[in-house]
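Chemist: Let the sequences and hints guide you as you build the complete structure.
Okay, here's what each chain looks like letter by letter:
Number of protein chains: 2
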Amino acid sequence: MDTPRTKVTAIAGDGIGPEVMRATQRILEAGGARIEWENAIAGGEAFRKGIATGCPQETLDSIASTGLALKSPLETPVGFGEKSANVTLRKFFELYGNIRPVRELPGIRTPFSGRHIDMVIVRENVEDLYAGIEYEQTAGVAECLKLMSDPGCERILRLAYALARAEGRSKLACSTKANIMKMSEGTMKRVFERISGDYPGITPSHVIIDNCAHQLVIAPEQFDVVVTSNMNGDIISDLAAGLVGGLGIAPSSNLGDQAAMFEAVHGSAPQIAGKGLANPTALLLAAVMLLRHIGDFAAAGRIEQAVFVTLEEGRNLTGDIAAPGAGTGTDAYTDQVIANLGRISSMPSRDYQPVVMPHWADEVWHQAPAARELVGVDLFLESGEAPEALAASLQQSLSGSAFTLKMLSNRGTQVWPPAGGHSFLIDHFQARLLLPAPTPGDADGEIAELLGRLAGSHRWMHLEKLQRFDGRDAYAKAQGEG
Amino acid sequence: MDTPRTKVTAIAGDGIGPEVMRATQRILEAGGARIEWENAIAGGEAFRKGIATGCPQETLDSIASTGLALKSPLETPVGFGEKSANVTLRKFFELYGNIRPVRELPGIRTPFSGRHIDMVIVRENVEDLYAGIEYEQTAGVAECLKLMSDPGCERILRLAYALARAEGRSKLACSTKANIMKMSEGTMKRVFERISGDYPGITPSHVIIDNCAHQLVIAPEQFDVVVTSNMNGDIISDLAAGLVGGLGIAPSSNLGDQAAMFEAVHGSAPQIAGKGLANPTALLLAAVMLLRHIGDFAAAGRIEQAVFVTLEEGRNLTGDIAAPGAGTGTDAYTDQVIANLGRISSMPSRDYQPVVMPHWADEVWHQAPAARELVGVDLFLESGEAPEALAASLQQSLSGSAFTLKMLSNRGTQVWPPAGGHSFLIDHFQARLLLPAPTPGDADGEIAELLGRLAGSHRWMHLEKLQRFDGRDAYAKAQGEG
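First to last, the protein sequences are chains A and B. Per our numbering: the first sequence = residues 1 to 482. Per our numbering: the second sequence = residues 1001 to 1482.
Keep in mind the hints are simulated off the structure, nothing from the lab. These numbers come from a predicted model, not from an experiment. The reader is advised that the hints may include incorrect statements.
As the list claims (entries may be wrong) - Here are the simulated lysine-lysine pairs, DSSO-like style, with alpha carbons at most 30 Å apart:
1) K171(A) with K182(A)
2) K182(A) with K1477(B)
3) K189(A) with K1182(B)
4) K1406(B) with K49(A)
5) K477(A) with K1171(B)
6) K406(A) with K1406(B)
7) K49(A) with K1182(B)
8) K406(A) with K49(A)
9) K1406(B) with K182(A)
10) K182(A) with K1182(B)
11) K49(A) with K1007(B)
12) K477(A) with K1182(B)
13) K189(A) with K171(A)
14) K1182(B) with K1406(B)
Stated by the list, open to error - Here are some chain B residues the structure puts well away from chain A; computed CB gaps all over 12 Å:
15) T1006
16) E1036
17) P1111
18) G1168
19) G1274
20) V1355
21) A1419
22) E1464
23) A1476
In this text, a Cβ means the ideal position worked out from N, Cα and C, and glycines have one as well.
Modeler: If you want it as structure tokens, here you go:
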């Protein structure tokens, strides 16, 4: 009696996508994986049909129903859409965990060959600068909000720990820029310190992100699992892929509470599309990750070993990884991998267990502080005036209001009262306005009155409350602020 | 008759700082550099004297007067100060250009040896996330403002072009994340495209930052000059240093309109301080950059060649770069470099010309659009309610106001009206409130009225105006927003 098949949504994608998808599906079938494919479209084909997100509803419905997707590279054709179909899929299914295995492969020569690089980069995938909240605040000064949340960090950190456990790994390095961004990047470091005690047997460490990038080049073999925030992870995951042969053979998964999507990291390579030259290894290794995700460790190991044997022996490799002049095509490589099914390479597959995903309640995360106070507001102003003149006119407008001007900063450096030093100034000032004393209330009436009295005299574009939570200042001081 | 000496402020710094400074000063003197040192303190010694910035006024005055500093590593002792003395110095003198040469050195073996890596990373040094403007907006959700300005980008880009010219380099790659952060990182890309025509003979290219990190590992020899924003540059400059031997031998300069500071990239290495073991190469190569900055190309070349000869021959190297067991001390290495003055290595010094720094008027940069409109506001709310309930209560409060609720987003993804999909929600919502039509005015009265009517019913912490400049939207759409 056959094992029942698991339904997986297959997105053949653009460029070389259909070719590498066909090759992968052939190898999975030959390797004994019990998959039933639901074909769906996304990317170029969808954009050209007029679907602004690049993802038809039927595709979203299919993934919602299967909970699993294998996805080839997608294009965002020039002139279509503000957001890519890839981002749409990640956001729609809240795929918060991007998993990027980085392992030295047999037969793939790099400057680091022989050092046994074998790590996983875990990248937070939905918050941070990628929330995409941007404003052009003056005509020439743009702002992007970097948002990092306690639960957003906890989810990715617990996923990284769960993954380390499932793969039998003993070290987890959390990499942040908490030394400079003490609140935002600091959130990830603080949550890491808070929860690490829950995972005995896995040694935690913290490494500043620039040092992490440096260490990845100097001594990459020291890393086991690295977890980091979205923008940092974007950079170091591609860096790390380069250490073991590049994006062309790098698989990834994107994990969420309700779906998981597996994909190659490389692009759609339109210049070789349809020529039968594409290397399907990255998508195939992503499919191996999928098999482990659904618990089919036997098929996963069999296929992975067949790939390793093929790379090790170097017969019938595609042109991108073959010896010069010895490259063959997608079909020959696929046939070779299938022929090698059942063989064992010199590099063992790791011993994998199922990943136990952290569980989160399906409700709005909210944590009210026990005590709140309002200290004042930061008002961001557009002005071409020098700081002294701007301060004087602001003070005049504030006369009789609830607020007094504490300082002006320009791109984070205090420029009034003058702190000395040279600052090249732009037309974007932060005015820190304080109430006479911290108040337990919201002071919304006072703020409304403030805005009313500034109308016509000062042009502002952004207002932030200066809060205190449980007695701690919930805002940073400017450079030079006393 | 002696050439007059150039005054340079020398900050001996912490840990191994005084040792590497003495070694560097001895070699410069022996190499014929005509420098008069003004000794000044900063870092640990200053913090312990109670100077909260880590920089005494006399030190700032000395640099302001000489316009030149050579600086050893500084410490921020635990428990002292919110900001490091390094950051204070960079901000005080507006040292907006961080220059990081990355060149394969003779005798320093790395996985990339023989590939002739020879590039310069130019990092913007004062704006971006390093403005340090942060808020904890709810008790668990932190925001850092990423600010990028047209003139801030133009300054660093023109400096990178000037540097490329001065060093006879033919390619400049600008690296951004403009594909995701179209406004902030996009500013740098747009300015790059606008000004590149002013520099015939230098080939411009744009590379996405994650691909840049990947290419730096895959094919670093392709790069000549790379210019990028502050956070990106922090990461890739340390990555690139790792390609040629690490931070221990990496020099840097920090350039501004009124001062230039030269330093080693490495830290103060307290564990070996005072033992005579420190390697002064990084600070010495920074001093060579200083000599070129002041036009003493002869002494710079002489000293650089003596360093290259010493590394090439491998005699009397410090323990960090010597063959195992063959390491010597700071003094022996210093004597060896001095003994090699006048000799020529197998690796020629590049031909340098003076860097012609871009000139900027000393006034507030301001560029008013020809036409302005206000579309509405984004109000950021703290709420534990589900989106439907929050939208309903907001709509009730807005009834009769100038504004209507267009959408709610949570970390950048639209959650009301529901766009389908799964979103893990946090207590931090963006409410997009629109006026009936874009208005040429500021609508400050309407906004004040809005805040008054929300007082007591909705807790908000952040307000942004939705502006239009010259007919273009000056704000990004949320993921899923129509």
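Chemist: Check the non-interface label on G1168(B): least C-beta distance to chain A beyond 12 Å or not.
Modeler: G1168(B) clear of chain A: closest Cβ-Cβ about 27 Å, beyond 12 Å.
Chemist: Taking 30 Å as the top limit, are the C-alpha atoms of K1406(B) and K182(A) close enough?
Modeler: 34 Å, violated
Chemist: Hinted pair, alpha-carbon criterion (30 Å max): K1406(B), K49(A). Please report holds or violated.
Modeler: 27 Å, holds
Chemist: Given the hint that K477(A) pairs with K1171(B), test it: the Cα-Cα distance must not exceed 30 Å.
Modeler: 40 Å, violated
Chemist: Minimum Cβ separation between T1006(B) and chain A greater than 12 Å?
Modeler: 20 Å, holds
Chemist: Are the Cα positions of K171(A) and K182(A) separated by 30 Å at most?
Modeler: 24 Å, holds
Chemist: Can we trust that G1274(B) is non-interface, i.e. its beta-carbon lies farther than 12 Å from all of chain A?
Modeler: Given that every Cβ of chain A is farther than 12 Å from that of G1274(B), nearest at about 24 Å, it holds.
Chemist: Given the hinted pair K182(A) and K1182(B), is their alpha-carbon gap at most 30 Å?
Modeler: 26 Å, holds
Chemist: When you check the alpha-carbon spacing of K49(A) and K1007(B), does it fall within 30 Å?
Modeler: Violated: K49(A) and K1007(B) sit about 68 Å apart, past 30 Å.
Chemist: Are K1182(B) and K1406(B) close enough, with their CA atoms no more than 30 Å apart?
Modeler: 22 Å, holds
Chemist: Run the distance test for K406(A) versus K49(A): straight-line Cα separation, threshold 30 Å.
Modeler: 56 Å, violated
Chemist: May I ask you to check that E1036(B) keeps its beta-carbon over 12 Å from the closest beta-carbon of chain A?
Modeler: 23 Å, holds
Violated hints for the displayed structure, listed by number in ascending order: 5, 6, 8, 9, 11, 17, 21, 22 and 23.
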